[in-house]
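So the protein sequences, as listed, match chains G and B. The opening position of the first sequence corresponds to residue 1 in our numbering, with each subsequent residue numbered one higher. The opening position of the second sequence corresponds to residue 1001 in our numbering, with each subsequent residue numbered one higher.
Note that these hints are calculated values from the structure, not bench results. Computed from a prediction, not measured in an experiment: that's the story for all the values here. Note that beta-carbon positions come from the ideal geometry of N, C-alpha and C, so glycine has one too. Check each hint, because a few of them may be wrong.
If you want the footprint, here are the derived chain G segments under chain B, 3+ residues with CB under 8 Å [unchecked claim]:
| # | segment |
| --- | --- |
| 1 | 76-83 |
| 2 | 103-114 |
| 3 | 126-132 |
| 4 | 193-206 |
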Amino acid sequence: MRFGVVRFPGSCDDIDAVQAAERVGEAVLLGHRERDLHDVDAVIVPGGFSYGDYLRAGAIARFAPVMDAVGQFASDGGLVLGICNGFQVLCEAGLLPGALLPNVSLRFVCRHVSLEVVDAGSAFTSACATRERLSIPVKHTTGRYYSPAPVRVLLRYAAGENPNGSQDDIAGVCNEEGNVFGLMPHPEHAVDPLTGSSDGLRIFESIRASVADASPAVRAR
Amino acid sequence: MARDSPSAHAARGGTHRALGLTDHELELIVAQLRREPNDVELAMLSLMWSEHCAYKHSRKLLRRLPTAGPHVLLGPGENAGAVDVGDGLAVAFKVESHNHPSAVEPFQGAATGVGGILRDVFAVGARPIAVLDSLRFGEPESPRSRYLLERVVAGIGHYGNSIGVPTVGGEIYFESSYERNCLVNAMCLGLAPRARLIRSAAAGPGNVLVLLGALTGRDGIGGASVLASAELGEADAAKRPSVQIGDPFTEKKLLECCLELLNCELLISLQDLGAAGLTSAASEMASKGEVGLDIDTSRVPLREPGMEPFEIMVSESQERMLCVVAPERLGRVLDVCERWETLATPIGSVTTSRRLRVLNAGTVAGDLPVGVLVDGCPLYDLIAAAPQFPLYAPPEPALAGSESPAQVLLALLRSANICSRRPVFEQYDWIVQSRTVRRPEESDAAVLALPNGSAIAVAIDGNGRRVACDPRAGAAEAVYECAANLACVGAEPLGLTNCLNFGNPEKPHVAWQLIEAVEGIAHACEALGVAVVGGNVSLYNEGPGGPIFPTPVIGMVGKLPEATRAGRLGFAREGDAIALVGSFEPSLTGSELAKLRGRPAAGALPSVTAKAVRDAHKAVRIAVRTEALRNAHDVSEGGLVVALAECCVAGRIGARVTLPEQLEPFGEAPGRAFVVSGSEEALAGWPIIGRVGGSELEIDGLLKVAVTVLREAIERGLDSSPCRPLLGLEGSARQ
């Protein structure tokens, strides 16, 4: 299968996302001016500071030409994963419910946290077991999730591990249709024990399995 | 062009003095030009002849440092030095100060310090892969120090995190001598294919000079002269307009753009714009290439209208680079820049004149020989004298001297100079780019994996209090300690960079500190066979209370063959033997305990034998590489007992130890000795001093403390000081 990794000016974790995705499939970069996703099977909107994020995080990136294509891809049922800044962009774009607010500490925090898989029934978590713990790092200033309405939660920070004051310890949510997933932790930075953990690979493996199930053609690739 | 008579400069109201030039220097300028400089030229010369650009008090001295070595690819004089790490790859690195801007405006001062050092590294064609910081503040009890710490850390994070370069290490010391004059030194490492390394020498008359990056504004005018080359004083708030404003987003695009231009082999040379802006960048490029440059200031894109040619030439606006391009490649260069949304403007051309001509839409605004700008400044001999009186007041005592050894240990672990830096380093992204194998507090040096399975290691060190005691021995210790940190992860040194932070060199006792410290660094480099590949000098670091501790900061880069075998500092296995490696005769002079007891920074430091240091480093390095050791930690601040406590806390396991006879438990002799653990066979030949195990650190006849208590002391250090409301505790912002 082939992942497309969106690259805005100011994306920082784009290459990391490409390298992580390449552990389970192929990956290509999608420029911010692209209007065509080049037949990728899943889209990753990576971390960083898109367009500098001098306004509200993700508020400019949602207007990038490539996001029109990503929105269409999502409404056609394609799998979209937003990591950190990507999560913020997907919320700004209305592809996910809720919003990310500044951390309670008002500070950037970089830390390995323990996550609990709340729902292993999704396309993004099928390679995990429900209530399984994953060690994956966070690094952000604006990661406090808030939603006034109930949402489908896939990952929570384990008890005592909430790094930002997120509502109900929410670390990652998906849309009602289950094909768009956003999370503040960085699974692409947890794909090799050499750099701290390989638990994040499960997310990429889940996506690969879901795409393969959905499309025999992909399985053949 | 203005042509004043030779006597006219008296009538100019001493403009040159306001710009930082002495009367004698102006006379030299007039003699070399055989005329008076006009205002544009005077502004340019005042910056190029400043301490910051001309190194006029240090250049002769720096010749003492060894700069040649088998691994060196680029030495001092380029934007950054570079060493060969094998497999066709080079690592470029440099440390630089941004002290005075940070003292005046800490957030932007620190942020642009990071931005500047990143540009130095990608100016040689290397992708920045890591940042480290060396910071000095007054005691944490001081509100000003807490404010500076808070804002400096935020500024470093703002720039490094936003641009996607990990901050993988650093060090912080708190001493009252830095109260008015904090130090912010930033080091950057970059990785490049050897073949992509590029120099800054302009070449090829007729080639085009292209300015890349941000618009030019009025920020930072005179930064190198009035700010960086003078003592701090009461009127510093008025200097805030001399501090630049950083924009990491623009730099991120500029960085990617420059690397693509280099990959496509579209550039002849590349130079970053730092202190003294276009003037310095153009002069250096012309000087190294032995050519001339014409620059038309009317073509420089401006942030605000109505800027004068001299303002355009000396502006220190950030996120700009200057490159030389062959005319036939200009179109492709502009295309790449458009794709990265990076402004690119042809502003001039290379000439054969060996002069820097400043044009303004057809008229000549300034015309100076490159030689006068770059090499015309007089180099001063330092007039040195060892001080006959104590330079630094003794610190306020925190310990009475009657405490038990356990109480002393806990006080040391809690002390601001030893406690955990977690509240600081958690504000930095240390994982982006997926190379960080060892982060702060996992090992004594940061370790970054390379594509071929090997790794580089990097450490930064410099304990000013020990240099204040004995500049020569203290500076050498900083080199030894850096190398010891590398040995602990299994790395062999390849090269080092240094930042010499000192007071006013025109004062004989500061000159003496500087000369002695450089001698000490040179000695240690020769002893270890490590070359200095670049660095920076920051002088005039003093306020009304006197000079800072003399603070040479050493950044050292090394290599290890296998990333997977990088050493760790924590004890790992119940029952392992513990050995003390190295020739170790520590004393309390200049130690952290001496400070807590209110002793002044004075007295002779323990002697050192170069061969013993080299042998100990080599033995530990080899044992780590073969995985014979389960931990390795160098013995530094707080001495052997603190080192043991740190190994226990990092490994979450206890130890039982018998100290060698006559050994001062909290005495220091950094860079010479290591605490290591492993099987008894693995440690054969080294003195076994104890065993790993249990949940307490027990030192026979001295103390017994639970590891949880040690951990609490180390972790609460910065938090429980008055920094607590300021540094990184969730919930505090709500109050």
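Right, here's what the structure says about each hint:
{"no.": "1", "hint": "76-83", "in the structure": "violated (count 0)"}
{"no.": "2", "hint": "103-114", "in the structure": "holds (count 9)"}
{"no.": "3", "hint": "126-132", "in the structure": "violated (count 0)"}
{"no.": "4", "hint": "193-206", "in the structure": "holds (count 3)"}
The structure does not agree with the numbered hints 1 and 3 stated previously, though it agrees with the rest.
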